[in-house]
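Taken in sequence, the protein lines are chains A and B. Just so you know, we're using the numbering used here here: the first sequence kicks off at 1 and counts up by one. Just so you know, we're using the numbering used here here: the second sequence kicks off at 1 and counts up by one.
Simulated from the structure, these hints should not be mistaken for lab results. Because the structure is a prediction, the values reported are computed rather than measured. Backbone N, C-alpha and C fix where the C-beta goes; we use that ideal spot for every residue, glycine too. Wrong hints could be hidden among the right ones.
Not the full set, but computed from the structure, chain A residues with beta-carbon under 7 Å of chain B [said to hold, decoys possible]:
#1 S57
#2 G58
#3 A88
#4 I141
#5 S143
#6 L169
So you can see what is in the structure, the chains are spelled out below.
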Amino acid sequence: MAEPTIAPENPVKRLWHALEAVCDPEIPVLSVVDLGVVRDVEVSGDAAVVTITPTYSGCPAMAYIEMMVRDAVLGAGFNKAEVKTVLAPAWTTDWLSEAGREKLKAIGIAPPAEQSTSKKSLLGIDPVVACPRCGSEHTEILSQFGSTACKALYRCTDCAEPFDYFKCL
Amino acid sequence: MTAAAQREALFEYLLRLGDNCLILGHRLSEWCGKGPVLEEDIALSNIALDLVGQSTLWLDLAATVEGAGRDADALAFKRDVLDWRNFLLVEQPNGDFAQTIVRQFLFDCFHVELLQALTKSANQEIANIAAKAIKEAVYHRRHSGQWVIRLGDGTEESRTRAQAALEQLWGYTRELFDGDAIDEMMMQAGIAIDPGDFHENWRDAVTAVLGEATLTVPEATWSIGGGKKGVHSEHLGFLLAEMQFLPRAYPDAKW
């Protein structure tokens, strides 16, 4: 009899571990788990179903992420991989993990400054965004849109450094 | 009403939602690489991306409702002018930057109101898409609104152009709020509300920003519609010729 391809202990844990290695292609310091893009995993025998949700409706990375997730599932020893995409509840930056926020800061991207349900965010008032380089709160928005759908462009008026801000959604 | 008639109406309604997003998204994408400044080039392309993404969600759902074996791509790339259901407003050419921004602002204000209503749709899939899209639409409205203020309350040149754009586009806005039999059916099924119901909200939102921009709300001296029934301006054909060229010329092409 052939060896089972999946160790019986902790297949779910192993799957999450594998998914933590799937990086966002546009912000590669973040995994799809950090981003909150992975919503659910289900394991049944040698089959796994991963449920993901898009960040922005037109996020061009989704097809690629889906492919990478599928590869990760197969790479973790499962023989059947299914990737489901759901829209509801709609993705929010509140799902960004604490580890993810720290990783963003470390590469010079300011993480979302507040909860998406805060009044300011709902009214579209710019939050106070701290400079990821020097920590100063004297910053100004340069452009509402940045190098990817999820970012805006800011500048620190103290250290003069321009930086990306992961906008609140 | 038969189930088939209801399905047909829902399909038509979803085409309207998807087509508005796709045509406006395509128009904005025409700015890619030639925006007035780099930041704005990126902004318009980002908004285009959101709208094209939203259109995919709507057209996917439309294709499922239709159940005729077509998918979102088939609906986007293999329909001719008369089968498109977008408003005349969104197919209008980009013109100068003021025209693009004013068109966007008039649509964004409408879009936010519409999506707000659709988040309460009796159709759960429609409510889900609306809940996702509205976050993006609010951000778009903020962007276009800020530009309207900057252009209107800017130089003589920018002000003149913004006012001219308003005069030129205002007559196309009436269509956004004119309900028809399809809207009526959606309303009765609890899927959508009468677009006329949020005309007042739209007008208030637009008027507030135009006031801050020191621009004048145009007199409604003319109006033209028909887009949502498939009667389009000549501009749409040219747009489709470009947008659909590749999949029509090379039907087997794959990325």
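Hint check results:
Taken as an interface hint, S57(A) checks out: its beta carbon lies about 3 Å from the nearest beta carbon of chain B, inside 7 Å. A cut of 7 Å between beta carbons decides the hint on G58(A): the least distance to chain B is about 2 Å, and the hint holds. For A88(A), the shortest C-beta to C-beta distance to chain B is roughly 4 Å, which falls under 7 Å, so the interface hint holds. Restraint check, I141(A) versus chain B: the minimum CB separation of about 10 Å is more than 7 Å; hint violated.
Of the supplied interface hints, the one on S143(A) holds, with its beta-carbon coming within about 4 Å of a beta-carbon of chain B, less than 7 Å. Evaluation of the L169(A) hint against chain B yields a held restraint, the C-beta minimum of about 5 Å falling below 7 Å.
When the structure is compared with the earlier hints, a violation turns up for hint 4 alone.
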